[in-house]
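Please construct the entire structure, taking both the sequences and the accompanying hints into account.
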Amino acid sequence: MNREAAISVSHLTKRFGDFTAVDRITFDVGKGEIFGFLGANGAGKTTAMRMLCGLSLPTSGRAQVAGFDLYKESEKIKKNIGYMSQKFSLYEDLTIRENNRFYGGIYGLTNQQIKDKTQFMLEYLRLEGKADTLVRALPLGWKQKLSFSVAMVHDPKIVFLDEPTGGVDPVTRREFWTMIYEAAHRGTTVFVTTHYMDEAEYCDRVSIMVDGRIEALDTPARLTGQYNAKGMEEVFVQLARKAKRNDG
Amino acid sequence: MKQFLYFIRKELYHLLRDRRTLFILFGMPMAQILIFGFALTNEVKNSRIAVLDNAKDEASTSIVHRLEASRYFDIVKNLGSNADLQPAFQEGQIRLAVVFPEQFQSQLLHGHSAPIQLIADATDPNVATTLANYATAIIMDYQHDMPGFVDFPYTINTEFRMLYNPQLKGSYSFVPGVMAMILMLVGAMMTSISIVKEKELGTMEVILVSPIVPIRVILAKMVPYLLLSMVNIASILLISVYIMDVPINGSMPLLVFECFLFALTALALGLLISSISNSQQVAMLISLMGLFLPTVMFSGFMFPVENMPVPLQVLSNIVPAKWFYYIVKDVMIKGTGMETVWKETLVLTGMLVVLLAISIKKFKTRLE
Chain A
-3 MNREAAISVS HLTKRFGDFT AVDRITFDVG KGEIFGFLGA NGAGKTTAMR MLCGLSLPTS
57 GRAQVAGFDL YKESEKIKKN IGYMSQKFSL YEDLTIRENN RFYGGIYGLT NQQIKDKTQF
117 MLEYLRLEGK ADTLVRALPL GWKQKLSFSV AMVHDPKIVF LDEPTGGVDP VTRREFWTMI
177 YEAAHRGTTV FVTTHYMDEA EYCDRVSIMV DGRIEALDTP ARLTGQYNAK GMEEVFVQLA
237 RKAKRNDG
Chain B
28 MKQFLYFIRK ELYHLLRDRR TLFILFGMPM AQILIFGFAL TNEVKNSRIA VLDNAKDEAS
88 TSIVHRLEAS RYFDIVKNLG SNADLQPAFQ EGQIRLAVVF PEQFQSQLLH GHSAPIQLIA
148 DATDPNVATT LANYATAIIM DYQHDMPGFV DFPYTINTEF RMLYNPQLKG SYSFVPGVMA
208 MILMLVGAMM TSISIVKEKE LGTMEVILVS PIVPIRVILA KMVPYLLLSM VNIASILLIS
268 VYIMDVPING SMPLLVFECF LFALTALALG LLISSISNSQ QVAMLISLMG LFLPTVMFSG
328 FMFPVENMPV PLQVLSNIVP AKWFYYIVKD VMIKGTGMET VWKETLVLTG MLVVLLAISI
388 KKFKTRLE
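Chains A and B, in that order, are what the protein sequence lines are.
Position one of the first sequence corresponds to residue -3 (the numbering used here), numbered consecutively onward.
Position one of the second sequence corresponds to residue 28 (the numbering used here), numbered consecutively onward.
There may be inaccurate statements among the hints.
Computed Cβ-Cβ distance ranges for the label pairs, DEER-style [to be verified]: (1) B:36 with A:15: 35 to 43 angstroms; (2) B:369 with A:55: 23 to 31 angstroms; (3) B:61 with A:108: 26 to 34 angstroms.
Derived DSS-like pairs: lysine-lysine, alpha-carbon spacing no greater than 25 angstroms straight-line [as the list claims (entries may be wrong)]: (4) A:72 with B:29; (5) A:226 with A:238; (6) A:139 with A:111; (7) B:29 with A:75; (8) A:68 with A:153; (9) A:126 with A:111; (10) B:389 with A:72; (11) A:75 with B:388; (12) A:83 with B:370; (13) A:139 with B:226; (14) A:126 with A:75; (15) A:153 with A:27; (16) B:29 with B:224; (17) B:389 with A:83; (18) B:389 with B:224; (19) A:72 with B:388; (20) A:111 with A:153; (21) B:388 with B:29; (22) A:139 with B:72; (23) A:75 with A:153; (24) B:388 with A:68; (25) B:356 with B:370; (26) B:389 with A:68; (27) A:75 with B:389; (28) B:104 with B:83; (29) B:29 with A:111; (30) B:389 with B:72; (31) A:83 with B:72; (32) B:29 with B:72; (33) A:139 with A:83; (34) B:72 with B:224; (35) B:226 with B:388; (36) A:111 with A:75; (37) A:126 with A:72; (38) A:126 with A:139; (39) B:356 with A:75; (40) A:72 with B:226.
Keep in mind that the hints were calculated from the coordinates and are not lab data.
If you're wondering where the values come from, they're calculated on a predicted model, not measured in any experiment.
Even glycine gets a Cβ: it sits at the ideal position worked out from N, Cα and C.
Following this line, the structure appears as structure tokens:
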């Protein structure tokens, strides 16, 4: 295992009864890297991601996240990671300011820090003057960008994004990826799952999961070469066809 | 600690912004008290009765006057003969008939007994019994007031005294009942819904990924509803005392303490429900079927537990509302202190500890 890596995983496995959702996956993610975690529906990527976030306990295997052991130091891991779930996770009946205050608050930020963060975020997202608008009233694209900013409110070392751009228009997706790049540029490690293959091309490295195992892991350019494909889409289709599980 | 305050603040926003729910939560106790107080009363007033007076002497007339004067009865018919009785009942005009025999007065003065027959429409047995009791009481009263009553040395008198509630007011029993119902509903249902809602929305995942300790999440969820419960208790007590004329005979601090204890028990039940249900509908259904109905049926405020079959009586012991109902009746109406309710209090405390322990243990810090 690589002690320097942001995430270091070795033979991580999750079984539900007879079903092996995640089967001995091994990989490292470097600091500041944008790591794409791909796979068809049911391939096990959400389960793997949940284990790394401490939402689900692995059956076996070892993992370090932000330099801390997944089993023994989960409290320290929690302080150092951000998480944006598939479902929209802000409170619609709270304003932008209140959402920020809540999430900042449960990460133990001081009042001043929360104020500064909120100010910075509103300027960054060009939402000045909207601080006291209920989140419910914002368009989906804004909500997703806001959600990402809230996941970053405590400046985590690693941020986990579970299909962050689902249902979002192409322009907003492009803007969203600009935000991801900027976060990575500031040194945050980004661990992202997606179904959009153009997004996979934006990643530093991608892994492709099939039936709970990691079948391929490299930079998008090298993967395309290796599989003699025109783009990530073709690589993905070639690999995903090998899947024996075909549950949703 | 600050984390915790941020969480409570957020919960209060949820609560205060949902105007419709808030309105229901505050309006419900008042509506229930008023409905039970003025509409769904089990007191019997102005019942239509008939008199068949075969004697028409001084004694019988005097008793009829007394019946007429009471607020329980309205004499709508004077029957001429026994044959009129059946049709009067069948037409549904009357619920009770009072029949005096011929020579009622002379039987009363000279004989050993002077029977009066009370015939009641027992299609509703409770009303029938109540009416018969009222009529008996009025007749006994008359006998008591008769001149020369003391000359009957061997007459055995049955005398009722209605302790604590001399006017037999229904509100004395439903105020504690409504308190139990409201606390159960606000505490258990609202808490469970508020937690399950976060599961549905996906915000629970984000909270669980954060460093906040699960027990703080649970407590922060409980605090706003505990406050709401206490506000409801205050409004119920105010309405009871000032509008329904139900006194608080016992110690106020003790009553508030017991309410607090029961509210906490309801919240703990709500937490338990939230940990076994994954949608708001399921949580609501379990709360209603599993908590609300037993509260109404087994607490003893609608149906006396003593009259139930033994297995149901045993079952009623696991319903927290039963114990709370006893306590509130004792403390509020009878005005007794801790010395009479310590056992019930202990049972409630025990339930609270067990429920809290289970629900904290079951509250899933990991989403499997």
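- Violations among the numbered hints: 2, 3, 12, 14, 22, 30, 31, 32, 34, 37, 39
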